[in-house]
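Protein chains in written order, with numbering that gives the first Met the number 0: chain A, 0 to 508; chain B, 0 to 113.
Read the hints as simulated data drawn from the structure, not as lab findings. Some hints could be false.
Among the chain A residues that face chain B by a calculated CB cut under 8 Å, a handful are [said to hold, decoys possible]:
# : residue
1 : 209
2 : 276
3 : 308
Beta-carbon label-pair distances, calculated as ranges [to be verified]:
#  : chain 1 : residue 1 : chain 2 : residue 2 : range
4  : A       : 161       : B       : 93        : 19 to 27 Å
5  : B       : 70        : A       : 314       : 42 to 50 Å
6  : A       : 269       : B       : 70        : 34 to 42 Å
7  : B       : 70        : A       : 327       : 41 to 49 Å
8  : A       : 268       : B       : 27        : 19 to 27 Å
9  : B       : 9         : A       : 481       : 56 to 64 Å
10 : A       : 158       : B       : 8         : 39 to 47 Å
Derived DMTMM-like pairs: lysine to aspartate or glutamate, alpha-carbon spacing no greater than 25 Å straight-line [what the hints assert, rightly or not]:
#  : chain 1 : residue 1 : chain 2 : residue 2
11 : A       : 125       : A       : 59
12 : A       : 193       : A       : 175
13 : A       : 193       : B       : 68
14 : A       : 193       : A       : 164
15 : A       : 193       : B       : 51
16 : A       : 193       : A       : 436
Every value quoted in this text rests on a predicted model; they were computed, and no experiment measured them. Backbone N, C-alpha and C fix where the C-beta goes; we use that ideal spot for every residue, glycine too.
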Amino acid sequence: MADQLGVPVGGVEAVAPDALAARVADTLAAGGRFVMLLGLDERSLGGDGLAVEAVATRVDGTLARFRAGLPLDAASYPSITPVVPAAHWDEREARDLLGIVPVGHPDPRRLVLHERWPRGYHPLRKDIPADAPPPIADRHFVPFEVHGEGVYQLPVGPIHAGIIEPGHFRFSAIGERVLHLDARLFFTHRGLEKLVEGRSFAAAAPVVERACGVCTVTHALAYAEAVERLASTIVPPRARWARVILAELERLYNHVGDLGNICAGIGFQPGVSRLGWLKEQLLRANDALTGHRYLTGIVAAGGLVADLEPLALAALPATLDAIGAELAGAVRAILRSEGVMSRLHGTGVVARDTAAALGALGVGARACGIDIDLRRDRPYAAYGELEVGVVTAAAGDVAARFHVRAQEARESLRLLREAFDRLPAGPVSVPLATLPEAGASALGAAEGPRGASWVWLRAGAGGTIDRLRLRSASFANWPVVAAAAPGNLVPDFPLINKSFELCYACTDR
Amino acid sequence: MPMHVLDRILRPLRRRPVTSRYPDAPPELPPAARGLPELDPSRCDGNAACVEACPTGAIRLGPTTWSLDAGACIFCGACARACVPAAIRLGHRIELAADQRDGLVTVRARSGPA
Numbered sequence: 000m001a002d003q004l005g006v007p008v009g010g011v012e013a014v015a016p017d018a019l020a021a022r023v024a025d026t027l028a029a030g031g032r033f034v035m036l037l038g039l040d041e042r043s044l045g046g047d048g049l050a051v052e053a054v055a056t057r058v059d060g061t062l063a064r065f066r067a068g069l070p071l072d073a074a075s076y077p078s079i080t081p082v083v084p085a086a087h088w089d090e091r092e093a094r095d096l097l098g099i100v101p102v103g104h105p106d107p108r109r110l111v112l113h114e115r116w117p118r119g120y121h122p123l124r125k126d127i128p129a130d131a132p133p134p135i136a137d138r139h140f141v142p143f144e145v146h147g148e149g150v151y152q153l154p155v156g157p158i159h160a161g162i163i164e165p166g167h168f169r170f171s172a173i174g175e176r177v178l179h180l181d182a183r184l185f186f187t188h189r190g191l192e193k194l195v196e197g198r199s200f201a202a203a204a205p206v207v208e209r210a211c212g213v214c215t216v217t218h219a220l221a222y223a224e225a226v227e228r229l230a231s232t233i234v235p236p237r238a239r240w241a242r243v244i245l246a247e248l249e250r251l252y253n254h255v256g257d258l259g260n261i262c263a264g265i266g267f268q269p270g271v272s273r274l275g276w277l278k279e280q281l282l283r284a285n286d287a288l289t290g291h292r293y294l295t296g297i298v299a300a301g302g303l304v305a306d307l308e309p310l311a312l313a314a315l316p317a318t319l320d321a322i323g324a325e326l327a328g329a330v331r332a333i334l335r336s337e338g339v340m341s342r343l344h345g346t347g348v349v350a351r352d353t354a355a356a357l358g359a360l361g362v363g364a365r366a367c368g369i370d371i372d373l374r375r376d377r378p379y380a381a382y383g384e385l386e387v388g389v390v391t392a393a394a395g396d397v398a399a400r401f402h403v404r405a406q407e408a409r410e411s412l413r414l415l416r417e418a419f420d421r422l423p424a425g426p427v428s429v430p431l432a433t434l435p436e437a438g439a440s441a442l443g444a445a446e447g448p449r450g451a452s453w454v455w456l457r458a459g460a461g462g463t464i465d466r467l468r469l470r471s472a473s474f475a476n477w478p479v480v481a482a483a484a485p486g487n488l489v490p491d492f493p494l495i496n497k498s499f500e501l502c503y504a505c506t507d508r
Numbered sequence: 000m001p002m003h004v005l006d007r008i009l010r011p012l013r014r015r016p017v018t019s020r021y022p023d024a025p026p027e028l029p030p031a032a033r034g035l036p037e038l039d040p041s042r043c044d045g046n047a048a049c050v051e052a053c054p055t056g057a058i059r060l061g062p063t064t065w066s067l068d069a070g071a072c073i074f075c076g077a078c079a080r081a082c083v084p085a086a087i088r089l090g091h092r093i094e095l096a097a098d099q100r101d102g103l104v105t106v107r108a109r110s111g112p113a
């Protein structure tokens, strides 16, 4: 069965709580991939308890969705993390935000809500009002420490000496070698998923696309796809192709900036300057095309908010040609610099098995040989009509992530030119075709610069949102960063971190 | 000195600066750039569609005033799209720093019905 978008529909299958782990594991064993696990409060839709839903893709591209109902006063189920490690953070998040306890989870610590949030206070439960400030508890953070002779602790952050987001990195080191890294994030919790509940689909869009500043189009596309699925809406051809242009512009400025950031991680200033200048040119092209340097307020459910600026669009191919030539020169100069490359090779190695188990996405996954890319595997916008070249590398180190990014940037330039040539005339938006009935749910996804971001969306009454969850690519990849650190020198961590260049804000929401 | 080395050294001298003169010169903004929403008071009919449309509650409408809080505005343009008499457009005002919180609020006089 296929819906109007041509993508097979996967219904939700009700399962017993103790069957959840086995059902997800079977789906993955048959070649599927884990998408997300989330907690639900069913009381707003006439239910009397909570629920937990796990989503995975099957080999044929359909979604396998398993939902287990849980009683309100004893909301627990056997954890799926022991058999599906990629779900470890999802389960901890559902425990913090909804009080759904995964029994047998290997890590009982808090994740999203820090210790200053009181026990038993679960903000995504429907009986907690969105506008009431939470009470403050007086407990304090107990860091994870490795004890033993010669082991010392190196706390870094949450406030850093640079314009980066807050995160506390606790290194346990012997000499200069990292033994263990405990990354404590979630300092930027704004309660965005609570904030959009009860809002109309249109009113929630500015919130979703601002979950972070650099995956705007990715999140907006994932959200728009979820809404369009719920509302049985087909986007006009010009909007589908323009979405490819926007998505690739976002990938390109991120990749160019991230290549420059890898240079910054080792203090290679010529690379930082050249690539920083290129990124600025791309941001200005974004501004001219859409009125915003980081591409907010352009993607909407049903198409685009407004058409791309005609004059700026006409100038795009020439701009891209100039940027492509300069980018190739800058990458060549970096690759020829032995001092740079010797720092990148063999640093921050992630084993393929580790990345696969943790559910790594995007560049982080492809740089250790995991051949995934939603643009090819589950096409959205106009990607189904494009041949997307998926770049992989085998080594799993910083150099591999550098190479993958550099080649993906080149592929983005090629896709941009092709999308520009094939951009049809016509309208860029349609009104939503139907009002989804309360309780209907759907997922949308897009492959961003950091990997696949997924939006799970359930409609409430009268075209409002009952529940939304955004699982960004950064959320999936942070544990992979922590796994890449052990065995490396402490001063190499900034480089390893920058080779992933993940976002904190959309991890947290 | 070989010619190509000399050429390499002199190349930056022939190139235009890649930096812009801002803040010594006005910012170079493309026509589409979305700055702070601006009101044309003569077109405002006080229908409050902008207040309804604003996702952050940045706009307030008084009997004789229209005010915008730049500290809450996210430059999405929903107000401009919702305004039937087209009294609001996103201009090119991007220098919005103020030394007091109140300084972020722009109040404009308007004459239409509240």
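Would the pair residue 193 (chain A) and residue 164 (chain A) pass a check requiring their Cα atoms to be no farther apart than 25 Å? Since the Cα atoms of residue 193 (chain A) and residue 164 (chain A) sit roughly 22 Å apart, the hinted pair holds (cutoff 25 Å).
Holds or violated: the 19 to 27 Å window for the beta-carbon distance between residue 161 (chain A) and residue 93 (chain B)? holds (24 Å)
Distance restraint hint 42 to 50 Å, applied to the beta-carbon atoms of residue 70 (chain B) and residue 314 (chain A): violated (34 Å)
Outcome for the supplied range 56 to 64 Å, where the beta carbon pair is residue 9 (chain B) and residue 481 (chain A): violated (49 Å)
If you take the shortest Cβ to Cβ gap from residue 276 (chain A) to chain B, is it below 8 Å? Because about 5 Å separates residue 276 (chain A) from the closest Cβ in chain B, which is inside the 8 Å limit, the hint holds.
Holds or violated: residue 193 (chain A) and residue 436 (chain A), Cα atoms, limit 25 Å. OK: residue 193 (chain A) and residue 436 (chain A) at ~20 Å, within 25 Å.
Is the gap between the beta carbons of residue 70 (chain B) and residue 327 (chain A) within 41 to 49 Å? holds (43 Å)
Does the Cβ distance between residue 268 (chain A) and residue 27 (chain B) fall inside 19 to 27 Å? Given about 25 Å between the Cβ atoms, the range holds.
Pair hint outcome, residue 125 (chain A) versus residue 59 (chain A) [Cα-Cα no greater than 25 Å]: Violated: residue 125 (chain A) and residue 59 (chain A) sit about 36 Å apart, past 25 Å.
With 8 Å as the cut and Cβ atoms as the points, is residue 308 (chain A) at the interface with chain B? Interface hint status for residue 308 (chain A): holds (5 Å vs cutoff 8 Å).
Between residue 158 (chain A) and residue 8 (chain B), does the beta-carbon spacing fit 39 to 47 Å? Since residue 158 (chain A) and residue 8 (chain B) have Cβ atoms about 43 Å apart, the given range 39 to 47 Å holds.
Pairwise hint evaluation, residue 68 (chain B) against residue 193 (chain A), where the allowed Cα distance is 25 Å at most: Roughly 24 Å separates the two Cα atoms, so the pair holds.
This entry does not satisfy hints 5, 9, 11 and 12, going by the numbered hints stated previously.
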